[in-house]
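Residue-level listing of the chains:
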Amino acid sequence: MTALGDLARWLTDPANWQGSHGIPVRVLEHIELSGFSVLVALVIAMPIALYLGHTGRAGFVAINVANVGRALPSLALLAFGLVIAISLGLGLGFWPTVFALVPLAIPPILTNSYVAIREVDRDVVEAARGMGLSEGQILRSIEVPLGLPLMLAGIRTAAVNVVATATLGALVAGGALGRFIVDGLALQEYDQLMAGALLVALLAVGTEVSFAALERATVPAGMRVVR
Amino acid sequence: MTPGEPLIRWDWVASHVGDIGQRVGEHLELTVIAVVVGFLIAFVLSLLALRVPALYGPITWTTGILYTIPSLALFALLIPYTGLSLLSAEIGLVSYTLLILIRNIVAGVRGVPAEVREAARGMGYTDREIFWRTELPLALAVIFAGVRVATITTIGLVTVTALIGQGGMGYFILLGIQLFFSTALIVGALGSVVLAVLADGSLVLVQRALTPWTRGG
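Taken in sequence, the protein lines are chains A and B. When we follow the working numbering, the leftmost residue of the first sequence carries the number 1, and every step to the right adds one. When we follow the working numbering, the leftmost residue of the second sequence carries the number 228, and every step to the right adds one.
Just so you know, these hints were derived from the structure itself, not from any lab. Quantities reported herein were computed from a predicted structural model and do not represent experimental measurements. Keep in mind that the hints are not guaranteed to be accurate.
Claimed, not checked - Examples of chain B residues lying across from chain A (beta carbon under 8 Å, computed):
hint, residue
1, Ile-292
2, Pro-307
3, Leu-412
Said to hold, decoys possible - Here are some, though not all, of the chain B residues that point toward chain A, as calculated from beta-carbon distances under 10 Å:
hint, residue
4, Thr-295
5, Phe-302
6, Leu-304
7, Ala-389
8, Phe-407
Just so you know, even glycine gets a beta-carbon here, dropped at the ideal spot from N, CA and C.
Sequences are here, hints too, so could you generate the full structure?
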């Protein structure tokens, strides 16, 4: 149990909570890196998903993207991200990691949002069309609100994966919480290693829980299951 | 990635064929152990959840948390206890297969139509026979879908175990990152993706052979 004692000592040492290498800075770096990557993935995937979902086109592609995404190992993505960032002259750290995280986040967002829009009852959409709503209005005020919980489920999967994988950014000289783990491994400082691991795990579980709460909150009032 | 150096140096690949083969073997070994052990544990837990439905919630909740913990973090947390060992790698890899497998085994068995179960009972099957000879074979397609996802996920995760001294193709990725050597990066990354695709393809073939009735009309 000495490992746990060391861990507690490391976490309560004020020195580890200060400066540019302190826990708060690393947590913020982690959130910044993850948030930015998910945002970029949203900007890329969401318009495609909404368009394909609304028109019902290319369903096969939209769904199979997710399966392809699962076959891409995170470390391999990081490797490709590094090659791309170096050849674009963007250096180490932030950008190679973003290039690895964005392709990781796109598949669940794309597939879930596509399915979310498709699953909206076609009768409701037809009724809206019959009431004279334009296609844009149907998407905005019918399909998106009704599909929102499922869309958020996709963003949640993406966000949790991204938060987990952002850890690997430390391998390409990035900051974030992976720093503690990678440095801890290299220096054989197991207290630092375990603290980093614990913080990342907490952040990932926290992301999962917050998104789950958000999903419940966004279910349209008329669709809530009354218990 | 030094200027003037090609993205892939084929001479390096050619002179490391033996090394690559050995790492492929290691990669497959780590994967097979994880999926087999994971399946055995998941199977027992699923039986438990099927017999006592109240346990299904806690079981998926616990394995769900394990699944959410970042892989590198889980491996790191194990190091003070089990060291930079195969055991650390496998504990992590097995943990990640559980949720996927349990969900599919339970869903597969629960998805068997009640009429089929009743017909088996009417034919005089005992509960045990109904499970092994009716429910399980019919659930095989869904269970296999879970095994495929678990296998692909594991093949990807094995690369991360390079950080704790295992890793298969992950060894080359790490080498590439440390030396800034794109050939090793690409060999490792592509190798892992190719392994995943090949493994998935083989599992589809095995599934077809095991469930001949799902083919054709």
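Going down the list of hints, with the structure as the test:
1. Here the hint on Ile-292/B is kept, as its CB sits about 7 Å from the closest CB of chain A, short of 8 Å.
2. Among the interface hints, the one on Pro-307/B holds; its C-beta lies about 4 Å from the nearest C-beta in chain A, closer than the 8 Å criterion.
3. Against a cut-off of 8 Å between C-beta atoms, the interface hint on Leu-412/B holds, since the closest Cβ of chain A lies about 4 Å away.
4. For Thr-295/B, the suggested interface contact is upheld, since its CB lies about 5 Å from the closest CB of chain A, less than 10 Å.
5. Evaluation of the Phe-302/B hint against chain A yields a held restraint, the C-beta minimum of about 8 Å falling below 10 Å.
6. Restraint check, Leu-304/B versus chain A: the minimum CB separation of about 5 Å is within 10 Å; hint holds.
7. Hint status for Ala-389/B: holds, given a least beta-carbon distance of 7 Å to chain A, under 10 Å.
8. Given the 10 Å rule on beta carbons, the hint for Phe-407/B holds: about 8 Å separates it from the nearest Cβ of chain A.
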